Every structure is written in C-alpha cells, then in structure tokens.
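Chains as they are written, first to last, in the working numbering: chain A, 1 to 334; chain B, 335 to 668; chain C, 669 to 1002; chain D, 1003 to 1336.
Since the hints were derived computationally from the structure, they do not count as laboratory data.
Honestly, I wouldn't trust all of these hints.
[Stated by the list, open to error] Chain D stretches covered by chain C per the calculated footprint, using a threshold of three residues with CB under 8 Å from any CB of chain C: (1) 1204–1210; (2) 1273–1282; (3) 1317–1331.
[To be verified] Sample of chain D residues at the chain A side, in silico, Cβ under 8 Å: (4) Ile1061; (5) Ile1072; (6) Met1096; (7) Thr1099; (8) Ser1169; (9) Pro1172.
In this text, all values refer to a predicted model and were calculated from it rather than measured experimentally.
C-beta atoms are modelled at their ideal positions from N, C-alpha and C, and glycine is treated no differently.
Residue-level listing of the chains:
There are 4 protein chains.
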Amino acid sequence: MLQDHPWFQLSAITASESSVGKKYSRASNWYLESEIPKDAADMTVLETNPESIKKTGDIKLVFSALPSSIAREVEPSFRKAGFAVASNASAYRMDETVPLLIPEINVDHLNLIDVQRRLNGTEGFIVTSPNCSTYALVLALKPIFDKFGIRRLIVSTMQAISGAGYSGLPSMAILENVIPYIPGEEEKMEMETLKILGKFTEEEVKPADFKVSASCNRVPVYDGHTETVSIETIDDAKPEEVINVLKDFTGYAQKNNLPSAPKKPIVLRSQPDRPQPRIDRDEGNGMSVVVGRIRREPVFETGIKFVVLGHNTIRGAAGGSIINAEALYKEGYL
Amino acid sequence: MLQDHPWFQLSAITASESSVGKKYSRASNWYLESEIPKDAADMTVLETNPESIKKTGDIKLVFSALPSSIAREVEPSFRKAGFAVASNASAYRMDETVPLLIPEINVDHLNLIDVQRRLNGTEGFIVTSPNCSTYALVLALKPIFDKFGIRRLIVSTMQAISGAGYSGLPSMAILENVIPYIPGEEEKMEMETLKILGKFTEEEVKPADFKVSASCNRVPVYDGHTETVSIETIDDAKPEEVINVLKDFTGYAQKNNLPSAPKKPIVLRSQPDRPQPRIDRDEGNGMSVVVGRIRREPVFETGIKFVVLGHNTIRGAAGGSIINAEALYKEGYL
Amino acid sequence: MLQDHPWFQLSAITASESSVGKKYSRASNWYLESEIPKDAADMTVLETNPESIKKTGDIKLVFSALPSSIAREVEPSFRKAGFAVASNASAYRMDETVPLLIPEINVDHLNLIDVQRRLNGTEGFIVTSPNCSTYALVLALKPIFDKFGIRRLIVSTMQAISGAGYSGLPSMAILENVIPYIPGEEEKMEMETLKILGKFTEEEVKPADFKVSASCNRVPVYDGHTETVSIETIDDAKPEEVINVLKDFTGYAQKNNLPSAPKKPIVLRSQPDRPQPRIDRDEGNGMSVVVGRIRREPVFETGIKFVVLGHNTIRGAAGGSIINAEALYKEGYL
Amino acid sequence: MLQDHPWFQLSAITASESSVGKKYSRASNWYLESEIPKDAADMTVLETNPESIKKTGDIKLVFSALPSSIAREVEPSFRKAGFAVASNASAYRMDETVPLLIPEINVDHLNLIDVQRRLNGTEGFIVTSPNCSTYALVLALKPIFDKFGIRRLIVSTMQAISGAGYSGLPSMAILENVIPYIPGEEEKMEMETLKILGKFTEEEVKPADFKVSASCNRVPVYDGHTETVSIETIDDAKPEEVINVLKDFTGYAQKNNLPSAPKKPIVLRSQPDRPQPRIDRDEGNGMSVVVGRIRREPVFETGIKFVVLGHNTIRGAAGGSIINAEALYKEGYL
C-alpha cells in the first residue's frame, strides 16, 4: 500500500533476527495475489531497533505491525529515539496518552501527542489504529452517535480467518464450521469503541459513556468482518433518518483529501441481503465500511439495528495505519 | 427416523403429482449418508389427500413437511378428515388454536387440541413444531425464563445451508461468504419464541411478555445453527446460577421417556470456544441443544449472554415433529 | 469486458422473453464485485432475433453466450441474417465449417469462414471459443505439440463451481466435497483439444492425431480450473526444454497486439506448490494460463507431466469470445 | 478404535516429553466428535521407550503413529526389546524386511517377519500400513492386477486436509483453493503400490513390475481422498468385467473375519457422479474403498479408468494399523 504513495517513501524494512540481512523478497512469505513491489523486494532487512533505522538516513515515521507482546517493548524504544510510530498493534491502544485514531472520527485526539511528548520528554510518539472488528463498527456508529446519542450497543460478529494471521487458524478448525470465540476480541471491541468516540478535553480523552457488549465469532470467510449491531439510541432514530446521516457522512480524511481516504467512508446497500463479505469487502479499495439492513430495533423504545462489513486486512490492518500517518502528516506532526 | 420406531409404523408416503405412482426409492433424491430404509424404498408414493391415505388402512397420524403455501391448504383437509397432523411447516404455527410444541417446554399447550376440535367439529387436529432456529433458542431459554424472568432478548444467528433445503442455496452464493438475511426467519424467531413460552389459560395460550429481536445470517456450514444470545433478565442471573439451571433441566419428554427424547435436552460445554456446529451438532443424536460461553451481559444491569447450537435438520425438522407425535401418543391424543 | 473496448462498442443486449423490454440493470442479476457499466445498465433488453438487432442500427458482430440447446437454433438465424457470431456456446464448436478458435494457436482455422459462407450462401458466419477446461489445457499444449509431438494425453481436472453457472450447483452438493463428474465435459475436452490443434488444409481442419483421456471433477473453488496433465510425447522432452518452449511462447494474439491478449499467454510458476486457483487465476487479467510442476512423466519412455490453471469465467467464457472477435476484426472479417 | 476391541486391550499410552506424567485426557487435544473413551482418558501418559512400557505389564504389541523422523529411531528400539510394532509411520514401509501390509491383499508378506527376526536377532518386528492415498488405490487395483495384469498406471488425487494433520494446513492456504502438491506423497504412492502388489518369494518381496505415476493435490475436504485412475492393462479389460471382479472381491481379512474387516473391501457405486467424499467416505465404517465411474481408458488399447475413494483418517491411518495387528494375531505372530 506504500508503493507509489504521494507523501511517503519506503526507506527501510526491519524484522526479527531470522530475517535480518536477507533481501525482503527472500525473508518474506509473500502470499498476496499482487507481485511483491520491486523496491521493497530488493531491500535488505534490518534489525528492529532505532539505531539500525537511523543509520539508513533521515527517517521520521515508522509503521509497526508487531505482535502485541513485542510492540510493548519495541514501540517505546522508537518513540524514545524520536520517531513517530504509527502502529496497528494492540499494545498501546488503550494507553491514556496514545491516540487511537480513525481520521474520519477523532482527529482531535491527536492533541494527546503533545501530552505524550511532554510526559516522555521526546519528540517521538505513538499513534495507534483500532482492532479490525472495532474500526468497522465505530465508523458506522459515529454519525448515529453524534445525531441520536447511544445508550446501549450489542454487536455480534462473523469474522474472517485472515484476522488470525496466515497460519493462525488450522483448516481443520474452521472449514464448514463456526468458532464462537476469539481470544481478547470482545474486550477490545468493548473498550476501543468508547475511547474512539470519546472527546479530547483538558489533556485527556474522556471515553464515550454508553454500554457495549460484543460476541465475536470466526466463520470460513477469507477477508471481511460482518457484524450485526443492535443499538438503543437516546433520541428516537427512524430508519430513514439513520440512512440519511450515514449516507452523507464524511470526515476529516475526506475533507482534507488524505490519499488513502475512501470517497465515501460509509457505503450503503439497499438490497435486503447485503452487505456480504465476498462481494462487498472491496468497497473504497477496502477502506470503506458497508452498511445494510437498517431497521428498527424492537427491544428498545428508541433503537436501530443494522449490518456492517469492513475489510479486516485492509482498513483493519495496514490501511488503518497508513491513513493515520497521512493525518499526522497533514496536521504537521511529521 | 421412523425406521424401527417403537410406537409408530410407516404405512404410506405421499408426494406431489410428479412422484405419484413411483416407488419411493425412485421418487426421492436420497442425499443422506445412510441407506434408504428398505420398507420405505418399496412403498408406492400416493397422492397427498386424505382419501388416498384412508384407502391404505387405519392410519391415525400424518407427518407434514410441506412447503408453507401448500401446507396451508393440505393440512386442514387432513384435519377435517379426522387425522392428527404433526407438522413441521410454518403455515399454522401461529394459529391461535394450534399448539406450537416442544415437549420439554409446553405440553400444557396440548389443551388447545380440544379447542381446535370443537372449533372445527372434527376429531382431527394440527400440531406444529417450531422453526429450526427458534427451537434451539427456546430450549435454552426455558429454564432461564422460569427462574429469572426475561425482559429483553437479542439473538444473532449463524445458520447452516441445509436450512434452505437441498437446492435452496447456490454454492456461488455462500462459499467463502456470509449472507446476512434469511427471508421471514427473524419474524418467525420473534413470534414463535413468545408463543412457545406462553401459558395455556382459559382456552388460549397467552404469549410470554418480553421483547425479542433476531438477526439471521447464513454461513457456509452444512448442519447446525449457532446463535449468540443476549438477555436482560428480570431477576439478577449470575453465570453460575444459569449454568446450574441449564445443566439440571429436563422436561416432560425426559420424565415420560419419549423414545426420541435426548437424555439431556441442554448439554453444556465449558471450553471457551464451544459449541461449534461441526463437532457439537450431533449431541443427543441431534435432539439436544448445546450451550456454552455463559457470561454476564454487560449492557443490562441484570443480564446474561451465551451461545447456543441446535441441529436444524434433526430436532429442527423431522425430529421435532416425531418427538411431538410421541407426546401426542403418550397423552392419549392418537 | 466490452466497457471502453478500443474496437467494439456495445449497441444492443438481447435476452429471453421474461427480460425483454426491461432495462438491463433490472433484467440482470448482477453478482459481480464491479459495478454494472452505466451504458449497459440503461439499455433496454431486446428480443433475441436478427430483426430486433437490425432495427437498432448497423451492427456487424453479435456475441452469444446462450445455453447450447438454444444456441443451436438462434446462432444460425443470425448467421443467415448476415451477422458475424462470436459464440462461447458449445452447439457448433465441433461443426466442420465452424472455427474453434484460440488466437494464440490456430488463426489459420479462420479460413473455414469462407467455406462456411459459401455453404450457407451468406456473409454471416459463426466462430466459437472452446470449453472452459479445454482452452487452458490446449494453450499449454500448443508449444509442446509443435516442438515434441504428442502421442497420448491424460488429464484430470479440478474445476470451479462457477463453471456450472450461478445457480448450477447447490451448496449442499459441493461444500466440503468433490463431485467426480461433470456431464459432457470429458467428451468436450477430448474432442475439442484435437480440433484446435488440427491444421487447416484444403477446405477443412484435420484434427490432430493423438489420443486424449479426460477425468473431470468439481471442487469447492469459485473460479479457476486446475488440471494435472500427463503426456506421452513423440520426441524426448526434457523438463528444462519444456520450460523453455512454454516460457517463450507467444502467438498471433500477442504479435498483433489484440487488445485483450495477455502479454504472456503462458505464465510459469517455479514454486513446487503452484499454480493455485485462488492466488494465480488472475494472471494476465484472467486471460493467461499458469503452468507449474513441469517434470518427467515416468510411465512413458518419452513423457512430461505438469499442472495447468485457467480462469474459467474470464478466458474460459466471455474473454475467449472477445479475443476471438478481436482476431476477426484484425483479419478483416468484420 | 481400540475401545471394546475383542482381541486387544489398551494397556498404556506414550507420548513426547511435554505430555509425560499427565492424564491422557489432559495431554491430548481431543478434536473428535465422539467422547474420549473413559479407560484411555484416565491413563497416565508414559515416556516413549520400551522400558516404560515393560514396567506396566505383559505387553506384546505397540501401535506407532509417530512422525517419520521419530519413528526411524523409536520403532527399532521397540523391536529390539521384543515388541511387535504395528506402525502407520512411513519410516520403514520400504524397508526390505518389513511387511507393508493390507490384509485383503498380501498376507504372504508376513513371511518377511521371519527374515526380519533372523536379521535383527530378536522376536520383535515391525509391520507397516501404507500411506493414506496408496491404500485406497491398491485395494481397488488388486483384483484388476490379478485378473488382467497392469502395464502402466496414472493416478491424480484430490486429498483431504486431515491428511496433513490437525494443524498441518492453515485455513488461509486451502479455503476456496486447490494446492497441487503434497511433499513426498507422489513418491510414496509410486513405490508403495508396487511393493504391496509384489510377491513374497525366497526370503524377499519382489515388487510388481509396472509403471506408476501420481499427481497429488490437496482440496478443501475434511476426510476422504478421491482419486482418478487410468490403467493400461495387459489383457483387455471390459468395464463390465472389471465391475465383476471388483464387486466380488474379498480377501484374507474377510475370510478370517478380522474384527475390523469391512464386509466388502470394495464397494461399487453405479451413479455417474459417485463416489463423493462427503457422502461415501464412511462406507464399511471407513474401512472400505468406494469405486465408481468404471469405463474404458481411451488412450490405451487395453485400458480402464475409474474413480476411487478411501477414508484417509480411518483405514488410511489407525484403522490400517489395527486391521494389520488383527492379521498378526490371527496368524500367530503375537
């Protein structure tokens, strides 16, 4: 996704010890349908530490897609060395001084960077993007939250196997099956949602004040998390009204023409059996979410329910970090 | 499932015009792994009307697995002719004089048969079994409803392709995909649940008084509907208490040793990633439901959530009708 | 695929009675990930006969993707009315006067058009493209056939569900399964292969003179037919030699820059576990075939075996017709 | 499969270090639909060496399902200690003194045990069962080989994911895909087939003298390897004749009523689209092979082709070892 990026240039790649010193084309197992980009292919993989990066030139921004346990140690070391770290790892998402950013929703959270800089005494900082099942939900929630208010939210997910990583899920476990559990996922959805919809005030982000319940399930789909969402709104939300606020929604990313921003962050489907992951996940090059089946939620006096779909390995992974970095650049943090 | 049944004997098979006059072995497309039973194989398929059945001998009970639109006309004609009709069709499930029966839950509803007989002036009557996604939910609800009361319920389903019938769902539609819509299914779950949990009083069944919301999805699984369930209970329901009431639950079917009754109508799984359709659907020969992940529902002050799984083409189809017929026999209605 | 075509312009769409008079956007069930092209969407569907087409203007070329039984009657009626018919239907593929064309292989067969015109006394003619499992095989065979000669060929296929049409294969039939039979497919592969590799001489195409045996199987893959091929060559064919003749192969389509021609009609994979349909089917925009695992065939003294993959719903369907029409245009037949 | 076995009693279970000392129920990840048998569940897992086994009592027979590299060292150590080793590992299948046994086919190979005993100076010995894709092929070949002779054989397989072990194949690798390569599998099929069909004469097994070529593919199926087979026979083999020799085939296992022997080792299907793994793999409790589509092989003057299916994780794994051990018992080797 960084290939031919108008603002960023790939200057170095780091990895774990077993890959260091190899060409990237040999170090990586490239499973994607597209070819490995030429520039990246020929790079020699470096050690994952600030020093090795600094030697390669004047680099300002590093992307982290590390496992959480490793990110917990590595990301602060890069921050300390003065780098901006755009991370998709979960380690610091809930850290009070770290923005958990979706540029359509909460660019005001970037004010946390000053707090973070002051606290750590360095120009470096960490910015994170949400979990792959959270971002899809929250993008669809934002206009509803702003217009009607939310009191309670129940979400049940049907998540793609790619969310578990290439070797994360044996085929014997999931072919012709459903696994009604993804370790840690429900907690992430329940906490991250409230932080993202929170407001920055007086040096901190105050999380949104409503209740969230998530049930997370794995299904035999490659890419695309599908979620059924039930909401108790504070004000009455008629389906047509909800359709209208979702349809017209754009945010900072669109208004400032971030290069990776989809034209429409929320795409609506009017057919009764959509969105479906296989045919709708690539909307907006995988950077949009797709919403359908907007209807009254009958268990609440003022409620709405719908289905939302997001591409977990594009917007829910690297794409989320890249659009975040674009916001950082636009706002002058790089 | 009727093969070697201790109480019932298969005496005739009827079907639509194109099959009439053929041996059943030739008329049917037998897709099951087991062999077609010898007795059934050699039967000549009759016309679907009371006269053709009456000619074959003294038959008291007919099973109906007709499409709803056909059941709407055919089932009353058999009732009128004096037959007991055990139906899995949806046509008369919500009829006020027709029991919607799960013998573990609401055998008192059989009192409706007298009302029905009186109204139609015939000994014949119709008894129905619930929709394949409803029965699994309601079996798991019954002990919770009795012990704690229910105020609100939100269920999201992941349903097997067999629920759509052998040719119902093209492979192009569902392989590596999710379809977040099943026509009519959500309405059925929302209405049938309340009727089944209702009480028979003064000539009618008063439906249970709480609110239900269903979101129904199709996933690439052969058999077994998996459902995530969120409940607001009236009294506080601690997970351990819920585990206890579910674990010990038995009903009329068990107490009266109905031949098709599973020993345990509700089987609990303690592993965090269970139940799974592929490995748990055959519990109790497909006649039990399997429940797991019982935990607090955080959006309600007094709430519980869990996962339930039922075998849609056994208990959710023919098996439901047969155990109902067994209750009819035991109660002297045949 | 005709959208923005440099040589052709879509002027009319016809279909069966039930669609006539509707806008194409309403008449069609558009299941593709891409949007329905604007021009096509707004066209009114016409009756499938030469008169309705003639009324819409000066149309020279019609594409036929009809079921074989209908093509058998309709295609000659268009030919009689003077149209060039580029067909992907099987009805006339084996007709002695009809070219069965792959523009990389047998453009000399277009000489049959003169024979066909003379015989039918009309400027109109039919040109066909091969069956979706045949074309992939034959493209890979051509350079081997020319260089080493072929005495015997055994092919076993693993074919995608899309080959059966959108509603052709119930999900209950193929999920987690293999169906070792596709009606008529083996005969098509065995006959079409020999015709395509035949030579035009003295007013007719003499089929290639070797023996072919096909075993055709359906597997749960959306798109892409994978085939294992065993060949007895006439001259000794070392794997490295075969790699070389395949790697360098181009044909008429490439030399004449047909707009839909892939740069490389045969793409080689050197990894031992490739080609795989899910990750290799889109090579050359689905217009190339992908070959791998080239190795000695031990049962023959002079033999070779390999795996070939082709995209059945692109090159194996509409794409095959379009590149054929491009050859017709280039050769002055339109 | 050993539960309630009439001849054998489970006395001990061994495993790798990480499991030693635990109850089997805790050491194993039990993924099967059936419950873990009570006796086995409560056993304490022992170290995998002859001493630990000897301590538990008078044990004569050990089953080995070890990875090949470990079997290479462990199995001889048990042999040396005097145990009969019934192995499903590949390590010693091609060893000249080790029987590669299918009790329907080559019980005469048990004579190798005497050779083996003499050579190693111990009563202990190793007997092996074939690879999961080999056994299905060879069972179907045996009657054809005996009646018509075989000159050449080409087989292309579509193998289930369970053949790679529970965690062997990531879901990302195989969902909606085919992998046309299984490391080492083709070599095993080509060599084992000839050894099994060989004759014991003068202290050794002379392999059958024909040529075999295998192409091995992985498909998204849980259990059941489906294989298309093309044979050049020595004598002319009409399809009806082949049907007859297959239909009537029984072997030593049936004649001697081995407890695990299926009544019919080869089950024929007459429907054109059978056998299919999902619906036919459980024939004979997974101990039979299922053959269909028997027809002329057109590339050979005297040839036959067909489809064969075997259950890779029953007869192709533990089931193969157990029926072998039953033959050992019956023949007095235990």
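So, going through the hints one by one against the coordinates:
no.: 1; hint: 1204–1210; result: violated (count 0)
no.: 2; hint: 1273–1282; result: holds (count 8)
no.: 3; hint: 1317–1331; result: violated (count 0)
no.: 4; hint: Ile1061; result: violated, 32 Å
no.: 5; hint: Ile1072; result: violated, 21 Å
no.: 6; hint: Met1096; result: violated, 28 Å
no.: 7; hint: Thr1099; result: violated, 36 Å
no.: 8; hint: Ser1169; result: holds, 5 Å
no.: 9; hint: Pro1172; result: holds, 5 Å
Checked against the numbered hints listed earlier, the structure breaks hints 1, 3, 4, 5, 6 and 7; every other hint is satisfied.
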